[in-house]
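Chemist: Top line first, the protein sequences correspond to chains A and B. Number 9 in my numbering belongs to position 9 of the first sequence; there are no gaps in the numbering. Number 1222 in my numbering belongs to position 222 of the second sequence; there are no gaps in the numbering.
The hints are simulated quantities; they were obtained by calculation from the structure and are not laboratory data. As the structure is a computational prediction, the values presented were derived from the model and not from experiment. Treat the hints with care, as some may be off.
[To be verified] Derived lysine-lysine pairs resembling DSS-like cross-links, with alpha carbons at most 27 Å apart:
1) A:K6 / B:K1128
2) B:K1046 / B:K1057
3) B:K1340 / A:K68
4) B:K1427 / B:K1222
5) A:K56 / B:K1353
[What the hints assert, rightly or not] Coverage of chain A stretches by chain B, computed from C-beta distances (three or more under 8 Å per stretch; other residues unrestricted):
6) 27-33
7) 43-52
[Unchecked claim] Estimated spans, in silico, between C-beta atoms of each pair:
8) A:F42 / B:I1496: 22 to 28 Å
9) A:Y11 / B:E1078: 25 to 31 Å
10) A:Y11 / B:N1049: 27 to 33 Å
11) A:R22 / B:I1496: 15 to 21 Å
12) A:K16 / B:N1174: 47 to 53 Å
Cβ coordinates follow ideal geometry from the N, Cα and C atoms, glycine included.
Each chain, written out:
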Amino acid sequence: MNLIKKIGFFYYQGFKQMTLGRRLWIIILIKLAILFLVLRIFFFPDFLKSRFRTEKERSDYVIERLTK
Amino acid sequence: MENVDLSLVDWSRAQFALTAIYHWLFVPLTLGLSFLVAFMETLYVKTGNPEWKRITKFWMTLFGINFAIGVATGIILEFEFGTNWSNYSWFVGDIFGAPLAIEGIMAFFLESTFIAVMFFGWNKVSKKFHLLSTWLVAIGSNLSALWILVANGWMQYPAGMKFNPDTARNEMVNFWEVLFSPVAINKFLHTVSSGYVLASLFVIGISAWYLLKGREILLAKKSTLVAALFGLLSAGFVVLTGDGSARTMAKYQPMKFAAMENLYVGQQNAPLVAIGILKADEKDQVHHKQNFRFEIEIPNMLSYMAFLDPNAYVPGISDLVHGNPERGILSYAQRSELGKSSILSLAAYKKAKKEGNDSLATASLAKFEQNYPHFGYGYYQGRDVHELVPNVPMTFYSFRIMVFLGIHFGLLFLVVLYLSLKDRLEKKKFVLYTALWTIPLAYLASVVGWIVAEVGRQPWVIQDILPSIAAVSKLSPIHVQITFWMFLVLFTALLIAEVSIMVTQIKKGASEEH
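Between the sequences and the hints, there should be enough to build the whole structure, so can you do that?
Modeler: In structure tokens:
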């Protein structure tokens, strides 16, 4: 528990003392939000998972596409 | 596949190329700068000289900026696999899944954990533990690259797998064959060492700017010495691994090799075109043949480069397309027939299985497996087999730009190292300006290297097995176009952010800020 506290404090102190890093973290968070909350959900759904419920259906579809 | 929408394939390819190139603008600097920072910190720990600590922290800050802006840009490629290239994504199965999963775990545990110690740990952990963390970040970043490049190497030379016709997925049968395939090994070593060259040029270029401005003189001189030595050794390694890559390419991707050299007719004692200007053959509209407007050749060099034998026969584009019975080369038309037979056998196998006809299923499966090495060619039956020839001028020129820039980098490292050791670099303005303007050239060399590797293997997504026309998802081209422009805006914004933050930080110099 003591070790976890120490690690937690280490990170807390690190983030608190950041200057340039704070700006970089803001960029990282905005980027991750755009990637996962906008692009992934609205523009990049998994093609097969969003159309077929089971692995069997997906494999049958791919075989059909490949052998058409 | 006769009715495949080529604009969909082209837009999907363009989107992948765009995101891969932008992603790659961040990666090589991370790979190389992480090691340079580790070397500098090692010098600090060894000598106890606080100047090395200041130098280490300065480059570490630039590493942090590049890492922060570049992190997760590669995830977009994985999004594209699932959306735009779903047939491919399913088809590669665990061949791609395993290396990428290992990459994710390694990246998470090594980079993410120890990067915090690297940035937050100064004066909080022991010097040795901090140094260990810096090394682990460098090793972790490079190991991440290993798994990605192993996956890419497998696409260029699909070894260690077996296609399962029941699931329509390739399954790994020999992990070590995948990991240690000669293509994967050369690709990894060539790519990471080219990253070390780029990072060394980055450090030398920025140090040159400081010397030109008369600022941070000690930082610039010491950094230049470390980077020039590391860069020179790495450049030598790039040559060695590039040589290895050429040999594996000649063996496993002969069309890419012939396109890279604009070699139409195969020959023994084939010369290497050191410098050449191409001109489209106006009489030959079918084959899109390119003639040389002028060329300077090195006799026998291409044969030697390909097979370590100056007398060896190197097949040309025409031999590969039309076949060469004397050399045992099947034509693309023949391979396309065998491929079609393999595709039809797969369909027959699935039908027989469904109908419970076991003997027909077994016979169909045997026929499918017999012709599986030609599977992908089957999609070109009824199409122009010249679609199987990559863009020759793009591959030819990209290779030469890469090589000539590589020679320039090697010479620059030598000159800079010599002048640094003699402590005369400061006075050589021309060398300093050259070093500064070589930074964008390093990125150019890195990108054209990938163009040789990736455009040269077109149309194959998986060499000989799966072409892009069969790998693409059935989407609307408009959908892909929209996301293409979105990515262009997003990545350009990230690049502008990177460059502006980086330039601001460089102008500030080696402050304590991080």
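Chemist: The structure should be examined with respect to each hint, and the outcome stated for every one.
Modeler: Structure-based check of all given hints:
1. Pair hint K6 (chain A) plus K1128 (chain B) holds up; C-alpha atoms about 19 Å apart against a cutoff of 27 Å.
2. Distance hint between K1046 (chain B) and K1057 (chain B) is fulfilled; the C-alpha atoms sit about 16 Å from each other, no more than 27 Å.
3. For the given pair, K1340 (chain B) sits about 11 Å from K68 (chain A) by alpha-carbon distance, which is consistent with the 27 Å threshold.
4. The straight-line distance between the Cα atoms of K1427 (chain B) and K1222 (chain B) is roughly 16 Å, inside the 27 Å bound, and the hint therefore holds.
5. Straight-line distance between C-alpha atoms of K56 (chain A) and K1353 (chain B) comes to about 14 Å, which keeps the hinted pair within the 27 Å bound.
6. Look at the segment 27-33 of chain A against chain B: 4 of its residues bring a Cβ nearer than 8 Å to a Cβ of that chain, three or more, so the hint holds.
7. Coverage of the segment 43-52 of chain A by chain B holds in this model, with 7 residues showing a Cβ closer than 8 Å to a Cβ of that chain against a need of three.
8. At about 24 Å, the beta-carbon gap between F42 (chain A) and I1496 (chain B) stays in the expected band of 22 to 28 Å.
9. The hinted range of 25 to 31 Å is satisfied by Y11 (chain A) and E1078 (chain B), whose Cβ atoms lie roughly 28 Å apart.
10. At about 30 Å, the CB distance of Y11 (chain A) to N1049 (chain B) agrees with the hint of 27 to 33 Å.
11. Evaluation of the 15 to 21 Å hint for R22 (chain A) and I1496 (chain B) yields a pass: the beta carbon distance comes to about 19 Å.
12. Taking the beta carbon of each, K16 (chain A) and N1174 (chain B) are about 50 Å apart, inside 47 to 53 Å as hinted.
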